[in-house]
Structure formats: C-alpha cells, structure tokens
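Protein chains in written order, with numbering that gives the first Met the number 0: chain P, 0 to 108; chain D, 0 to 93; chain H, 0 to 499; chain Z, 0 to 117; chain L, 0 to 497; chain V, 0 to 331.
Calculated from the structure, these hints are not laboratory results.
Hints are not guaranteed to be accurate.
[As the list claims (entries may be wrong)] Derived BS3-like pairs (lysine-lysine); straight-line CA-CA distance at most 25 Å:
1) H:K108 to H:K154
2) H:K154 to H:K358
3) H:K154 to L:K166
4) V:K26 to L:K166
5) H:K108 to H:K358
6) L:K166 to V:K130
7) L:K373 to H:K108
These are the residues of each chain, in order.
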Amino acid sequence: MAMVVDVASWVLLTVGGFFVLVGGIGALRMPDLYTRMHAASVTDSLGAMLVLGGLVLQAGITLETVKLAAILIFMLFTSPTAANALASAALLAGINPGLAKPWRQEPRS
Amino acid sequence: MIYYAVIVAILVTMALALARALIGPTVYDRVLAVNMLGTKTVLLLAVAAFFIGRPDFLDLALTYALINFIGVLAVLEFFRVRAQRSLAEEKEGE
Amino acid sequence: MSPEAAILAAILLPAAGTLGILLAGRFSANLREAVTLTTSVLLAANVLSLLPDVLAGARPAVHIATLVPGIDIAFEVEPLGMLFAIIASGLWIVNSLYSIGYMRGNNEKHQTRFYAFFALAIVAAIGVAFAANLFTLYLFYEALTLSTYPLVTHKGDENSVRSARVYLGLLLLTSIGLFLPAVIWTYGVAGTGDFTDGGILAGHIAGPAVGLLLGLYAFGIGKAAIMPVHRWLPAAMVAPTPVSALLHAVAVVKAGVFSILKVIFYVFGVDFLAATPSADWLLYAAAFTILAASLVALRQQNLKRLLAYSTCSQLSYVVLAAALFKPLAEVGAVLHIAAHAFAKITLFFAAGAIYTASKKTEVHQLRGIGRRMPWTMAAFTIGALSMIGVPPTGGFISKWYLLAGAYEADNYVAMATVVLSTALNAGYFLPIIVLAWFAREEAAPGSVGAAAASGVKKDHGEAPFPAVLALTITAALTIAFFFFHQPALQLASEISMGLP
Amino acid sequence: MEILELYNYWVFAILLMIGFYAVTAKLNLVKKLIGLSLFQSAVFLLYISMGPVEGGTAPIFHADVTGRVFSNPLPSVLILTAIVVGISTLALGLAIIVRIKEAYDSVEENEIRELDRQ
Amino acid sequence: MSVEAYHLAVLQVVVPLLSAPFVVLLRPRGLAWAAASAASAMAFAIAVSLTAGVLSGDEYRYAVGGWAAPYGIEIRVDALTSLLLLVVTGASLVALLAGRRSLDVDIDDARQPLFYGAWMLALAGLAGIVVSADAFNIFVFMEVSSLASYILIAAGPNRRALPATFKYLVMGTIGATFYLIGVGLIYMMTGTLNLADMAQRVHEVADQRPVLAAAGFIIVGLALKAAVFPLHAWLPNAYTYAPHAVTVFLAACATKVQIYVLLRFDFLVFQGNLPGHEFQFSHFLMPLALLAILLASGVAMMERNLKRLLAYSSVAQIGYIMLGVSLLSATGLSAGIIHIFNHALAKGALFLAVACLGMHIQGLRLGDLAGAAKRMPWTMAAFVIAGLSLIGIPGTAGFVSKWLLISAALAEGSLGIAVVAVVLIGSLMAVVYVWRVVEAAYFQSPQAGSPEGRHEAPPMLLVVTWAAVLGNVYFGLAPGLPIKLSQAAAASLLQHLP
Amino acid sequence: MTVFTVFFIIFLLTLMVITALAIVQTKNLFAAAMLSGIFSLMSAMIFFLLDAADVALTEAAVGAGISTVLFLGALALTAENERAGTAGRAAALAVVTVITAVLVYATFDMPRLGDPNAPAQLHVAPWYLEKTPEYIDVPNVVTAVLASFRGYDTLGETFVVFTAGIGVLFLLGKAPVGQPKVSPAMTFAGKTGLRHYQIPRVVGRLLIPFILLFALYVQFHGDYSPGGGFQAGVIVAASVVLYALLEGEEQARQALPAWLLRLMAATGPLIYGFTGVACMLLGGNFLDYSVLAHDPVHGQHYGILVIEAGVGVTVTGVLISIFHSFAARGAK
C-alpha cells in the first residue's frame, strides 16, 4: 500500500515540478510583460496545488497536512491578488499590452 | 529520493526567474520575478522540509508565504505613488 | 620654628603672598604694595633663620609626597641652595621697593597681575633652591618658566607677544626636549634622583654616555643660557625693567646656573667628571659663550640688550668654573653667583631708573647724564666695576677665586678666557661710564628735534625716590660683598669641602 | 570532492568582498548601506556553515528525530543576534540618509562634500 | 579570592541599561536629564566600589544566568577593567552634569528624553564591553554603544553632523563586523567564546592559519573602532560636529574602550599562544603609533577649528597609548594604560572648556576666539591648565604618563632613543597647538562686533570644568590610584611573556 | 546532509553570488532593493538546508518583510536612481584583493563542511545538546541557548533594537526644516493607500487576522519549533504594514497610536531586564530563571516565556514606530 502512495505522490510532485518549470520558461521567453505575467501566475497556482498535493500524500493524516492545506489556501488567495495588483499598477504606469502587434512578422516565404 | 525531480525543477525555475529579475527591462518585470521567486521559495521550503525529514518545519514556508505577499504589495504601493508623482509633475510641467 | 617648618614656610609664604596680593589688589594699590613688601621681608627672615643650621653643617629636609615609589617631591636645604635662596629672597625685597617706584613712575597697567605672578615666580625659585631630588627640581623649573611667561608679556603688545613666544618656545623646547629625557635617563640608570654628595651616577654610567648625558643637562637647562640656547634672554628684555632686573639678573638665570651646579656636584660628582675625559667639552662651550656674548655686547646700542648679553657671558663664568672640577674653582663659581647677582641687579635698576626719568634707552643718549642723575649713575658705575672685577667690588673676589681655581687646575684656556673677557667687559662698560660722567650734553639743535620726537625729556631730574633708594642699597651690597663675604665664603667652602 | 566542502567559505569571502567594495567605492549613500548589509550577511554565512554535522539534523528535539545526531545550535544563536544588529544599523542608517537628503538635497557623497566645502 | 555572586559587577551594566527605557518615557521637561544624571551617578558609585574591591586584592567573576564559564556568559572585573570603568562612568557623569544648559540649546524639549535615553544606552554599552569576558557578548554591547553614539553625534546642531555620523556608522559597522569575523574564526578553531577558555585552547589548535587570520581581523577591526592612526578618518568630523557635551563624553572614553578590548584579546588570547605573535603585534603597531603622533599633531597645528584641532590631538594621544602598549614591557604597558586615564582627564577638561566657550561665542574658529580671555577669564584659565596637562607639564596628569612612557622607551636601548625623540617632538607640537589657542584668546583684540564686559559660562558648567581641571592637577601630583591599577593590569596582561 | 544537499547548497550559493554582483552593478536603487530581497530569500533557503531553521525563519521575515519596506520607505523620500558612479576604485580593489587573499589563505585549514569532529562541534555544543533536556527541558535547543544559557546576549540584542527605535524616532522626530523638499504627493503610504484597489483590500482584510494569529503562534510556540519573540514581532509589524498599505497610514495610526508604540518599545526591554532583576532578588544570579519557581525547570520555562514576550513587544513597538516615522516623513 505504501508503495502506491509513494508512486502517486512522486507522480504528482513531478507533474507539479513540470508545470512550475513551464511557468519559469514562459516568464523568460514571453515578449511582453502581460504575457509573462500570464505564464507565471497561471502555472504558479496549478504547480503549487500539484506539489502540495503530492506532499499531503506523503504526510498522511497529521498536523503537517493541516499546515500544507493552510499554505495552499493562502497561496491560492495571495498570488492571483498579487498578479492582479501588479497588472493594474503596470497599466496605471502606462505600459499598454502589445495587442496591436501580430505575434511575429514572419516574412512570407 | 522522490523529491529530486521536483527540487531540481523548482531550482531551475528560480534560476530563470532570477534571470528575468536581472534582465527585466521594466521595473514591473522585476516585481513579477520577485513574486515568482517568492512563491517558488514557499514550494521549495515545503518540499525541502520533507526532503530533509523534518516536516515540522512547515511553519517556515507558511511565514514566507505571508511575508512575500506583503512585500509585493509594498512595492506596488511604492509604484502607485511614483506614478502619481510623475502625473503631478506633468501637470505642473504644462 | 623648626628647620622643617621653616622650609615649608619658605615655600608657602610667597604663595600666600600671591593670594594676598590678588585680594589686596581689589582694594587699593598701597595695600597691595604693603602686602608685597611684608611678604618679601618675612620670606627673607625665614630663609635667613635657616642659615645658622646650614652653616653648622645640618641639612634640614622635609618630604612632601611620593608619586611613585622612587619618585617623590621633597625638599632639602644644602649650602648651595641656601645661598641661592638668600640671594633670591633678599633681592626680592629690594626689587619690590624698586618696582613700586618704577610702576608708579611709568603708571603701567595690570599691576596687580604683575605683583601676583612675581610672587609666584619667587615660589618657583625657592622651590628650585630647596629641591632635594631631580624630579622636584624639574617640577619647579617648569613652574618658573610658566610663571614668568605672563611677566614677559606684561605689555601685551605685538612685539612683546612675539618675543615671549621665543622665550617660552625655546625654554620649553630645551626643558621638554633635553632636560626631561636626561632626568628620566638618570632615574632609569641610577634608580634614584636624590642629590647626594659625591654624585649618584658613578659606576652606573661610563664612557661617552657621560658626556652625552652632561650635554643633555647643559643644553637642557636652557635658563643657563649657554650658546646656542641663549636667544631667549635678549628676547625677554622686552619686559618691564623690574622683571628683567630680578628674574633675568637673579632668579631665572641663576636658577639655570644653580641647577647645572647641582647636577654637576650632586648627580655626576665632581671627581667622577674630572676622571671621565668625555666631560671636558663643557669647559670649552662655556669659554666660547663667554667670549661670543661679550663680543656681541660690544656692538649693542640698547642698554638693556647690552646688559642681557653681559649676563649671558657672566653666567658662563660660573659654568666655566664648575667645569674646571677643582674645589677652589667651585668656590669661585658659588661666589660669582652672589657677586654677579648684586652687580647685575644694580645695573638693571640703573637702566630702569634712567628709562623712568628720561625715557632714554640707547647708549648714545646717555651723554652727560651723570650730572642729571648722580645717584643712579654712581650705582651704575659701581655695578659696572664689579662686573669687570675691580677690587673694591664683589666681582673681584669671585674672579680671584676663579683664576686661582684655573691656576690650580693649570688650565691655561680657562685663565686666558677669564683675562680676555675681563678686558671685553671693560670694553663695553667703560665707554658708558665715560660718556655719562665726562661728556657734555650735546647742545646741537639737530638732536633736540630727534630727542623730543622720541619722547625723551631733556631737563629731567633723578628717578623717583623708591627706585633711587633700591639702587643705592644694591650698590652698597656690591661693595659690602667685597668686605663681608665671609658667610658666603664659608657656605661656598662648605660645598666644596663637602666634595672630596 | 573535498574542494567542494570549502565552497561555503569561498562564497563567504566573495560576498564579503563584494559588500566591502560596494561600501568603499560606491558614492551613493543608499548603495553603501546595501553594500554594508551584504557585508554583514556574508558573515552570517560563515557562522552558519560551521554549524551542520554530517548526517545530523536541526537541533530541535522532536518525536521522530530522537536518537539522531544534531547540528551545533550555537552559531544559529549568534547569528540570530547578528541579524537583529544588522537590521537595526540599516534602519538607523536609512534614517540618517533621509535627514541628509533634507539637509543637502542630495545623497551622493561627492555632492555632499562639495556643498560642505563652500 | 574572586567573589562569585557579588552582584555589583553585573549591576554596573544593568543600572544604566534599564534606566534608558525609563528615561525615554519621562515626558516633563528636565526630568529626563535628572534621571540620566542620577543613573550615571549610581553607575559611577558602583565603579568606585568595584575599584575599591579590586584594590583590596579580589577579582570579581560573575556567571550571568547561573551557568558556569565556558557555557554561560561570564563577567569579570580586574584592575584594567576597574580603571576603564572609572573613566567611562566618570566621563559620562561629568559630561551630563556639565552639559545640561548647552544640550537644552541643541536639542528641543520633545526629543530630549530620546537623547538622554540614547546617552544611557551608550554608557551601558561601554560598561558592558568593559566588564564582559565573552567574545561575542563584547560584540553585542559594542553595537549597543555604537548605535547609541551615532544617535548622540547626529544630534549636533550643524547640518555637517549628519554626513559625519554616516561615515562613522559605516566605518564603525565595518570595524565591528571585522571583529565578528575574527571571533567566528576563533570559535571555529577552538569551539569556545569565553576569553579565558579561549586562551587555554588556542595552542592546542593544530593548524594555526585561521587563528592568525582571526588575529589579523580582530586587530584591524578594533583599530578601526579605536581610530588608531591610518583608520581614524571618522573621528575628527564626528567629534567636531557632535554637541559639546557629547564630545566631552565620547572623547574621554569611547575609543579607549576599544583599545581595552584590543589589549585584552591580544595579550590574553593571541600573544601567549601564537609563537612570536608579540613581535608581530609590536612591529605592526609601533610604527603606526609613531606616525600617528607625528602626523596627527602636525595636522592639529595647522587646524583652524578648535574642536577639530582637539580631535586630531586625540588621534595623536591614541598614538601615545598604542606606543606604550607596543613596547611590550611592564612599564611600557602600564604607561599606555595610565595614559588612557590621564588622556581622558586632560581631553575631557579641554572639551568642557570648549563647551563653556560654545555658550557665548558663535563658531569655534581661532579667529572667533580672539579676546575670549577678557570676556571669559575663568574658562580660558581652565583651558590653559588642561592644555598644560595635555602637553605633559610636570604637576599635571599628562606628565605622569609621559614620564612612564619615556622611561619605558629608554629601557629599550637604541630603538628607545628614536621612540623618545618622537614622544618629545609630539609634546612640543602639542605646545604649539595649545599655545596658538592661548595666544588667540589672550593677546588678540576681540573683533569689533563682539559684546564687551565679562560674561562667563553658566555656573554649573564652569564648576564641573574646574573640577575636571583640578582632577588633572590632583592626579598629576598624587597619581597613586591610577599607577597602582595600571601596574596591576600590566602585570596581569603580561603573565605569559617571560 | 547528503551529497545531493551539498549540490543543492552550492547551486543556491552561486545564485546568491550572481545576485550580489547584480545588486552592486545596477544603477536603479529600487532594483537593488528588490534584488537584496531576493538575496536574503536565498540565504534563508541556504540556512534552512544547513540545519539552522530559526535563522532561516528570521532571515526570511527580516529580509523580505522589513528591509524591503525600509528601503522602499527611504527611496520614496530620497533619489531613486544612483547619480554618481564610483570613486577610488583602484584603492578599494586593492584592499579587497588583500583581504580576499588573507581569507582564502585561512580557508585551507578550516574544518570541512559538516565535519563531525571539527573543534566547533566538540567543546561547548554537545554540552548544550546534552544539558538542555536536563536543565531547561525545551525541545528547541536554539531557543534554550538563546534565552537562558546566553540570555545576556539576547538582552543586549533587545536593547540594540530599542536603540534603533529611539534613534529613528529621534532623527525623524523633528519636523523637516523649512519647506520639505519632499513634495506631499510623494507620500509612501498616503491617505488614500491602495483604497481604490478593491481586490487587494478585500483579500488583505481577510488575511490580516490570520497573520496576527500566526504571529502569536510563532511567539508562544518558539520553545517547540523555530520561532520566538523577534520573529513574531517582525510578523506583527509586517501585518500592520499591510494594514497601513491597504487602509492608509492614518487608519494605521489610529489603530496603534504613536504613544502606545513608544510605550511598547520601552516596556519590552524593561520586561526582559526586570525578569533578570527578579531572579537576582530571589537569590539567583542575574537572568538565572531557575529561581523563579519552586522547580528550577519550571522556572526556566516561565523565564523563557516572559523574556520572549518582552522581545516580541519590543520588536513590534520599534518596527512599527520606525515604519510610521518613515511614512509620516513623506506625508507632512
């Protein structure tokens, strides 16, 4: 039985890790501030849920699980808020999203 | 043993976020990078607590989650003020 | 009054006098003068009360405080100190008398401050006289420098401040720069600094180090005005004449020479120095100073600067005598201190009187002044003769013993120096005497304008009475010293007898 | 492998020197303070890297760690105090900088020296 | 015989420490000053009774928290400690009593409780450093006293006080952190923080390199805090632009306490154990000390501003102390230690006189002082006597340490002659820069605008100034107490040397 | 301390060095502040891996919470970009190379990371680990050493914080002379605050009670898990900063008025100090808590509890009053 729990938590953790990594790459490669924010914050919540879920499996029914749950809830509240506040601050500061520009002007070849 | 993969992933992400913080053309990119690093640290702390076999140290991760949120808001307030000031100066300028 | 109490009284009396003067000064000038005179008289009496014991060979001593085991403040009266104390306190009386006349005559400002620091300087002088060890000597030596500084800058004008800077700078430079290391070196080597007959350094130090240490002392004690550290003496002439009279003829310079004698007699020991060849240079330095100072004095026009350089050379007589390391020469040195004191103070009094009466300071202005100021010029003549060493004056006695000592040490250089310098003394004193008595006041109109311009009064009489009185007393003393030098001679021989 | 053991101390040395350089060479007063806090946090690293023991765990007793080897608690204690000292100095330094800004209207050392010279 | 549970040793620190929060809470005018002076007086009384105890032979050892030496923190009071305690608490008491009126001018009523609270913290910090026998504890109290000193200096009226404080803060923190690195390295190699315990364990250490590095860091760090010659850049401005009363307090004891820590560390821990370290110590410090005396006095001679002149003179005097210490002989060490006491007296009195001058004369440049003697005769008289003590004229405290210093140097043979020469040149330079002030005050005529008539400094300030001056003279003629303490201290520090 | 952890630490250390270089290079002071926040975040991570949980918690709380807020407060009142470059570069580099040489020279003889028989591990440390259960019986040995064995140090530390508090109050207490060079518009946390940011205010109002609750947990749970007075104080201060950001500085002032903060800042050290004095009165040495109760171990518990409370009160009072001083400076 323990094996199954370990394997399941490993799977969750690794997938979580993958999504976190995607978020990281996205933040670096995206052309414009808002797209980077999108990449970072979305994967952020999903990655956190998966990783913390994996840890809950590891911890089982103990005080740690309550703490992990508290961390998860707290992160779910704060990171979107922070992202929102950041976006509105950036807008106020006059950085307008590059909607007009197409993704990439590839020369018609 | 099962934590290697996730720890490496989070570390690489932190490296990428740090790169964004260093390059970051606009100030808001830096704030974004800081926020990312903050959340990743929380995750890394949680995983590391389990990795070194001391799950009772999760308080650290929880504290960091709180403090990071406050840090980011403080930065944003700083920028709101700066934006207001540049607007006010432009009005005086005309 | 036990001898110990007398010593303490000798130190505390002038100090109390200083406070008394400061308080009295607030009320009235006369009260202040009265306090000064009474203090000086009491001090002289007190010091004299010690004379019989010292003559009987006793050495009264009192111990004040111990700073560090081995270094303490203590007083001990031995014959040399006794002589110096008597001269200083005795002449303080006469000088107070004189300065009352001088100060009133020239209505100087800040007289209270003047008398107060004067008394303080006497405290330091007595302290130097009675010091029982090198540390106490050094302590009061510095106190003497600092207490005379305000006297030198009495006028407060730019000229006096600049020369006072030379005065203080040179004296502190030599005392801190050379005298202090010498004292500490002695304490370090000999373990103690107490003045003991026959010296404390014998056996502790040898070879060239002795010459070096002696050099540190000789040039460290700047007040002895051995060339090249003599420059402060002429610079100090800018002070009012009573200051130059007592301090630079008697207390300050005598303290310098007195310290050198004490160091030679009681720190090195005469026979120890006689035995070490490296100590001979002192004689030649003294000889050089005598001759050089006399030569410079020849060309001086200002009366007080002339007397200053003459003091320089006369002081080195004492050092020369001491450097012969022979008992007879020692006696000559001690006697010369007394003789020179009486003669030089008379000369300074005379110079001051002339200035008070006629505002004349230059030698060439003294043509025919003898007729106008007979008493002053008579005293001046006696003083001058004593400096040259003509028989009826005290100067002759000391020079006689000096020559005897030199002969006994068959040191021809010393004898030649004495004879030559006597000639030089005559060279710069006799023209003044001739000018004053035999030349006629110049009637030529040209000089009248110049004289009037410089504020010189043409038809002036004698100086104020207290000044003239002081003059005559010191002149009388100079002559009296010739006839009644017995107690001084006994003291001197006591010192030299004390030396094996 | 043994070289890697000393890596902590070398990073301590490097951070120390970065901080020291910032404090001495940079003219902006705020940058000096940042350099100073870097300088101090390098020392924290030196102390803490003395603490751990091979195979040991944090010196906090807990049910499931009884019997294991524990790391040294003393460096942690010392560094807790050092962090407090660091933050206090930083707070005071920033307050002084604000007052300097109001008095001189500049926080650049060379400009302040210029203003003082007149 | 060491008296274990004798609470005085720890009360020496606790009394001023706990009085600080009280003083901060006292709102009404003048009450803050009164409470601070009372606490400072109590601290001085404790210091005096500790000294009495030490003089009668016993050495206090006090385990804080009841834990024995290497495990808990230990407090130790011996001869050197009690001498420093006297200097620190004495300086604080004198500066507080004298400084009331001049501080009322500089600091507005609302902020006075904060200022006096900072003052008590500075006093407690310095006392904490002096009594502590634990390396890290010294660092903690070093920071308490430094932070409090930054506040005191920043209270200066002139705007230049702020950059001066900032420079002091930066250099002080770097010094303290160097010291912390040194302590860390030693802890890494010996495993203990207690000084006495460290002394035993250092020579057991197989590889000496980190310990040597630790010695280097500690000496440089403490030299920076103690403004030893090349690292003194912060001192002149800090003392010049601080309020007068603060300069009196800090000039008398702040740098001395750091020198005390340097002595205790180097002589106890390093010299006994590192072979040949004492030669490294003296060959490194003596040239710096000689340079300090010559260059700092030289600059002081050129200086126009009176307080900066005295600040540079302090740097030179610290040079004397380090010179005495680096002679590595019993007399040399006791000369250095006693100069800590004597310089505190002389410089304290001088800055008190400056405080008196500051009450009636705007600006302290030599030109402004022209004719000050006629308007403030008592103050200038005090300045002259204190100046004589600084120069080292016999009959004053300064002379005693000069005497011991020169006799120690002479015992060194040929090298000693050069040292003596430098000491004497230093004293002569001191004569020049003291006399420049005296001549300006006594002989130059006052400018046209300055008011006529005589108006002296406030009575309390003048009385305390003259008390300090008479203290100078008293310890010049009867230096029994400081000499006994310094010789006992030198003996205890030199046990290890042959 | 497995091999993987060593790699883990080395990677983070390298990141730290990069961040440090970036901090010194960047001209924009705001960026430097943010990067120093990141720097302390990573050092907290490293401390956590080096088995120093308490220090990690403190570094995290101080680094991200307080020093960022302090820097921003100061930058709001002074210049944001560094105008002047560097001066005396050669001299600084020379000194730097000399010191680095000395340090590297010394590192070769230093004990390896985690070497069990390094001197530091042998003498005093094992005694603490062995004697804490016996004398003080507190799970968190670091808190035991901090509060009891070396309680005197922590007393000094509390007074350092107190000094910083009265220092900032003293320096920024006086109203700026003449026309404040800082235009009122540049208020750091002006009257409006983030008022018109609806979402953060709602979330903030929801979170603040939890943060305060967590702070109390850290305060009184310090004996069992990483935590203690100082960390709790920092978290409380951070929550008040959040409240001020969201509701505006005026409301924060009404919630915790200045006199109360000054009172807290002053009574904290007094609580600590008088606990020590109480021990003296009861016959023990200064700060010897075992005399506080009939059973020495209980006495230690009471002692540690009280002094941690003292530290917490001090730190809260001081940090909030510092924050208000900086914020108010702009508003006037």
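Evaluation of the provided hints:
With a C-alpha separation of about 8 Å, the suggested pair H:K108 and H:K154 falls inside the 25 Å cut-off, and the hint holds. Restraint check for H:K154 and H:K358: the C-alpha separation of about 16 Å stays at or below 25 Å, so the hint holds. The straight-line distance between the Cα atoms of H:K154 and L:K166 is roughly 47 Å, outside the 25 Å bound, and the hint therefore fails. The suggested pairing of V:K26 with L:K166 holds, with an alpha-carbon distance near 22 Å, which does not exceed 25 Å.
For the suggested pair H:K108 and H:K358, the alpha carbons sit about 17 Å apart, so the restraint of at most 25 Å is met. Restraint check for L:K166 and V:K130: the C-alpha separation of about 45 Å exceeds 25 Å, so the hint is violated. With a C-alpha separation of about 15 Å, the suggested pairing of L:K373 with H:K108 holds against the 25 Å cut-off.
The structure fails to meet hints 3 and 6 from the earlier list, while all remaining hints are met.
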